[in-house]
Amino acid sequence: MSLLNTAPEMAITTRVDDLLNWTRKSSVWYMMFGLACCAIEMMQTGGPRADLERFGMAPRATPRVSDVLIVSGTLTLKMALRTKVLYDQMPAPKYVVSMGSCANCGGLFQLAYSVCDGVDKVIPVDVYVPGCPPRPEALTEGLVKLQAKIQRERWLVRAPETA
Amino acid sequence: MLDAAGVHARLRDRFGEAIGPLTGSGRDAWQRVDAAQIALVCRFAKDDPALAFDCLSCLSGVDWPKREVIEVVYHLYSYRLRHWGVLKVETPRDAPGVPTVSGVWPAAEWPEREVFDLFGVVFDGHPDLRRLLMPEDWPGHPLRKDFVEPEEYHGISTSRASLLRP
Ligand code: SF4
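Taken in order, these protein sequences are the chains called A and B. In terms of my numbering, the first sequence opens at residue 1156 and continues consecutively. In terms of my numbering, the second sequence opens at residue 327 and continues consecutively.
Simulated from the structure, these hints should not be mistaken for lab results. It cannot be assumed that every hint is accurate.
[To be verified] Cross-link-like lysine-lysine pairs, in silico, DSS-like; alpha carbons within 30 Å at most:
id: 1; chain 1: A; residue 1: Lys1233; chain 2: A; residue 2: Lys1249
id: 2; chain 1: A; residue 1: Lys1276; chain 2: A; residue 2: Lys1249
id: 3; chain 1: A; residue 1: Lys1276; chain 2: A; residue 2: Lys1300
id: 4; chain 1: B; residue 1: Lys471; chain 2: A; residue 2: Lys1233
id: 5; chain 1: B; residue 1: Lys392; chain 2: A; residue 2: Lys1276
id: 6; chain 1: A; residue 1: Lys1233; chain 2: A; residue 2: Lys1276
The whole structure should be built from the sequences, with the hints applied where relevant.
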């Protein structure tokens, strides 16, 4: 008898945390948040060649249904305040990927008067992807790292958040 | 098609002493214009058939702290006649104000907002003079030579310990 035929009768054991994390990590929706040149590479990563959708990642146009904010590009101080607003609108659990030197530390514009030297000055960052710009492969690796982080989380037994 | 001297002569004929001498050479040749008259001069430069400057290709500002002035520079181009012209006006640094030319070329609106944002030049008669690049509540005008960046903005520190910073 083939394995397939036994499937309806098969039982799989797993930890509830692991199962939930596996489902969560398999549908990480990212918000389209392109700020500068890095955004071109982010679009490319979502395109057919790098194909983020094979990891269950689909672009979303609003923060309210997004799980991860990919900050791709130069963050100005003017935009920094809005970034905080967008981040606050995302439902928890939420993640932030900082893509490229500009989002990591201000990049080559960090001495400019208008540039926020790194998105981590405004919101917490989970994964930093270096590069100027990072290639789609690099962003993909960053997102796979994020998936690994999601899989490790123990959020069922986590201490209750103080609101 | 006119060369810089031709453009200068034409403006001088019409506005006399409000137009300064022609300075520099080639495409960079420029003339100083009396700040109060700039809108009139630009209107003429656009409507006059011999000048026909239908395009304001650049409007920018320069800060001269030693001379205590801010300069606004207008680069004009005529698509019809294919010639160039450069006008400059000076305005005092402590109370900079220049008439707007957005009534002549609507495209001037945003560059004027930018010059207002970065140099603090007030364009009289501008329909919507708000900051363009910096946040609305930003202190000061960053392209002035004596601008000092504030330590922080809404709790975001504006510097980072880095190798770039000495
Ligand atoms: S890191 Fe480089 S490619 Fe990315 S936004 Fe900055 S300058 Fe552009």
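Exercise for the section: With a cut-off of 30 Å on the C-alpha distance, tell me whether Lys1276(A) and Lys1249(A) pass. Expected result: Holds, at about 17 Å.
Handout entry: Lys392(B) paired with Lys1276(A) [C-alpha distance capped at 30 Å]
Key = Cα-Cα ~37 Å, so violated.
Problem - 30 Å limit on alpha-carbon distance, applied to hinted pair Lys1233(A) and Lys1249(A) - result: 23 Å, holds
Problem - Hint consistency between Lys1276(A) and Lys1300(A) [alpha-carbon to alpha-carbon, up to 30 Å] - result: 22 Å, holds
Problem - 30 Å limit on alpha-carbon distance, applied to hinted pair Lys1233(A) and Lys1276(A) - result: 13 Å, holds
Handout entry: Satisfaction of hint between Lys1233(A) and Lys471(B), Cα-Cα up to 30 Å
Key = Roughly 22 Å separates the two Cα atoms, so the pair holds.
Hint check: a violation occurs at hint 5 only; the rest are consistent with the structure.
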